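Visitor: Here the protein sequences line up with chains F and B, keeping their order. Okay, so the first sequence: first residue is 1 according to the working numbering, each after it adds one. Okay, so the second sequence: first residue is 1 according to the working numbering, each after it adds one.
Honestly, the hints are just simulated from the structure, not real lab data. Keep in mind it's a predicted model, so treat the numbers as computed, not measured. Be aware that one or more of the hints could be misleading.
Repeated chains share a single entry, so a pair holds when one copy, or any two copies, can fit it.
As the list claims (entries may be wrong) - With a cut-off of at most 20 Å between alpha-carbon atoms, the simulated EDC-like pairs for lysine to aspartate or glutamate come out as follows:
| id | residue 1 | residue 2 |
| --- | --- | --- |
| 1 | K319 | E259 |
| 2 | K240 | D254 |
| 3 | K319 | E486 |
| 4 | K49 | D210 |
| 5 | K369 | E315 |
2 protein chains.
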Amino acid sequence: MNPNRFRSAASLRLTLAGLVLVTAGAGLAMKSSWSDDTADSVIFHGNGKAPGCVVCHGAHGEGGGNGAFPRIGGQPAAYLEAQLRAIRDGQRANAVMAPSVAGLDDDRLRAIAQYFSRQEVGTYPPAPEASQARTSRGYRLVMFGDWDHGVPACADCHGPALNGVAPAIPGLTGQTAGYLSAQLDAYRNGQRPANALGLMPRVARGLSPDDITAVSTYIATLRPGGVMEAPAAPEAASWKPRAQSPEDFTPPPDTAIPEGPYGDMIRLGESIFNDTPTGASKYVRNDLSCRNCHLDRGRLASSSPMWAAYVHYPEYRKKNRLVNTMQMRIQGCFRYSENGIVPPSDSPEITALVTYFHWLSTGLPVGIKPPASGYRRLPPPTGTPDRGRGAVVYAANCAMCHGEDGQGRVAGGRVVFPPLWGPRSFNWGAGMHQVDMAAAFIRANMPYGAGGTLSEQDAWDVAAYVNSHDRPQDPRFVDDVETTREKFHAKHRFGYYGRDVEGVTLGTPAH
Amino acid sequence: MNPNRFRSAASLRLTLAGLVLVTAGAGLAMKSSWSDDTADSVIFHGNGKAPGCVVCHGAHGEGGGNGAFPRIGGQPAAYLEAQLRAIRDGQRANAVMAPSVAGLDDDRLRAIAQYFSRQEVGTYPPAPEASQARTSRGYRLVMFGDWDHGVPACADCHGPALNGVAPAIPGLTGQTAGYLSAQLDAYRNGQRPANALGLMPRVARGLSPDDITAVSTYIATLRPGGVMEAPAAPEAASWKPRAQSPEDFTPPPDTAIPEGPYGDMIRLGESIFNDTPTGASKYVRNDLSCRNCHLDRGRLASSSPMWAAYVHYPEYRKKNRLVNTMQMRIQGCFRYSENGIVPPSDSPEITALVTYFHWLSTGLPVGIKPPASGYRRLPPPTGTPDRGRGAVVYAANCAMCHGEDGQGRVAGGRVVFPPLWGPRSFNWGAGMHQVDMAAAFIRANMPYGAGGTLSEQDAWDVAAYVNSHDRPQDPRFVDDVETTREKFHAKHRFGYYGRDVEGVTLGTPAH
């Protein structure tokens, strides 16, 4: 870790508190009179009540004041604009910033946001020092979250390098630990408004004060290259396998993965699970990873966790009328959910995934179905799920991450939010194309990190909306859509394959 | 079941007791004077003290007297001779037979035995009736035994059709239920001597009176075609899967295998396990079945049970320097122990075996090594195991079943006792060729059904004797024996590969 004058995020927070008083009391380099109302003028000269943005945030928005003034350069414009409005309108409490945006209209705020969004920031505040334990905890919160406390991984939404995901999700790199922890505190205390999904206050309330320090400090050490290699995990030695009940199972902590070739294979499986298009590139033809449907790296109860699947297979499946080993079941995911090519059952990819699942299942009895298996099916809806109502639910709850067009979001060349339909999503043979399966998944797990907040009816409707868009052909396709529908889709309630939606017969092969 | 005048084996036993009194009291068709001492004369006319053999046992030794006189025709000569001697010498208490053999020398007894051994018996006593529950219990004792009470399956030693295995093991078909249950009672009470291995008294003491009735009645219903199809298992419904401790695990009863394609796959796996040269004929090039090394169909604790293996894999193995799935581990058995061809990991044979193992493991926690795993290794011997002493142990304890030449025994076209060396046994790459592995196996499991009776030193010595014979080449063979020994065998303590034994370098390729 780089040397730095700050000892810890806690002492930094004290420093910041002092700075806030200093800057609030002083009239720094503000324009002497308020006459020019262009955004540029505000940026460089201020609005007559406070100095120009660049005075505190730097010419390129690189931040300053030892973290009192955050990095805003290069952040998504929509995010910056939303923050400026929230401060102006009082939803985001910020005594320093309030005078700077007072009286600016929406157009000027948007222009300011766009200006800073276009800036490239090359300088970073000095990296703080942190203990090995804190670094390890921070790393794991960034990469894996703490789902036992409802906290998804930072990287899952802020991007694999934490550089943000346009349009709405800010980058976290280039901020000081003090700024980051102050924001988490503000979310926790209601001083910073949640976005529509209400995710960040949930996250902040799931973190202990020590967690906030650890994750803020860790993120402040990151550089544009992205997340560091996994640091040593000091608590690994304390974990011991033990027999557990299927009613209340906890998979082993990631820190318990052993060294050596067996542990390497577990780690390989986990990495393929988390980024399948990269880890199993030979066999994937879309943008989905295993973890998109099996949350918390396949660990999360009621999100079709892999430990529950592992102890269940081999089992007979009506889908292929065969007894399926775990390997064969995974091959099915490649064929349908990955719209891919089936890897050989003894390929390194499949072996690594099976090894990972086996390890996740440590202590779970074989052949007894845990209650957390699969996705808990919803009671039938009243009437047919309504894709029109679903479109409204989608716009409010899903579009921020998955896009209005359902095509997901990419950041730094990697898929952060998966496409839900279209050529880069799962195909018409995947289980998730079934409206009842999707509704169950959505109700339990979406919006990401806020599972259980949608009503059952909303889940049915939005599942119908998502699954009434076209997607890659069912690989079992025979003859024509109608025949294929009869043969493989007739049994699916509310199924859209072969149905006419907005003048198009879904599943029609491309010409 | 065929109609029959006997209601149960219990009532039959009462009938037999009456017959014994009748026959002992009457002087039936015996020779008037004792002058001709040829065996033929004894067989047809008697020895002057009792009538000729055929008077009671029938012209072809088919038996008679409603089971008072057993079927002796077609039985192995050595077995018959041993019985005649035991009766003559008073080790086998039999008041009816004693006068018939009194005063006959060994040569005549051998000639009588050989005569009846050559007879073909085409007639069977009428089959008794039995309840479904009794038939089911009898079937399972014949086919599977009751290892919880130390009882191996009847078929394991008496042959798959219970027609006996030359030279020493009698057939059980063609006998009445009364005769069979009387013999088990006699073994239990010490009225019939054990052979050298002491197995039958152990078996009889492991059976309850109800078991004796069930197995005797069931066997009496069998006809030359061999064992019947599995009868309905009335107790199947009562079993429920439950989480169990790795310390004290019991696999599910065979009666719990479900109906339908999943159950069919379990049964296929079990059948391949029990008769691998038949069930996986494409991939096996010797006479060994999985169950030869994994007793009680892979269920028996400390006999490398498959449930302990199933929860252990995937695991890293030094042998192939790979993380091995269960499938890969089974492939290893085919390559070495079966001296065979490796089946594809998704072949029906491997899938069936994995499905069987998964089902056997029901309720056992994943990834926690049960104490009953593998074969419990013995403490190191004092000095080098002595193949000379081992030869003596072998002759006394192993040769009866595996043959003086170690080539095992076949009956009815099927291997009953596996060859321990030579071209039809496991090859030089199999784990069992290691003297310490074989010693551990033998000590715990041999003689069959009498595991734990040999001393540890005897186990070491006989393991050295068995494994100091030649066998098929190590499939990893490179260049020459010495190189192969260096590469793959140098680490094996007491290993014989590449060693000179009686003037031959073991492992030398055939010219």
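Visitor: All hints, please: hold or fail.
Guide: To see whether the hints hold, each was checked on the structure:
Taking the shortest Cα distances, K319 and E259 sit within 20 Å of each other only across copies (19 Å), while inside one copy they are farther apart (38 Å). Taking the closest pair of Cα atoms, K240 and D254 come within 20 Å of each other only inside a single copy of the chain (13 Å); across copies the shortest separation is 33 Å, beyond that limit. In the homo-oligomer, the alpha carbons of K319 and E486 lie at most 20 Å apart inside one protomer (14 Å), although the nearest pairing across protomers, at 51 Å, exceeds that limit. Within a single copy, K49 and D210 get their C-alpha atoms no closer than 38 Å, and across copies no closer than 101 Å, so neither meets the 20 Å cut-off.
For the identical chains of this complex, K369 and E315 are intra-copy neighbours only, at 12 Å inside a copy versus 24 Å across copies, given an alpha-carbon limit of 20 Å.
Hint check: a violation occurs at hint 4 only; the rest are consistent with the structure.
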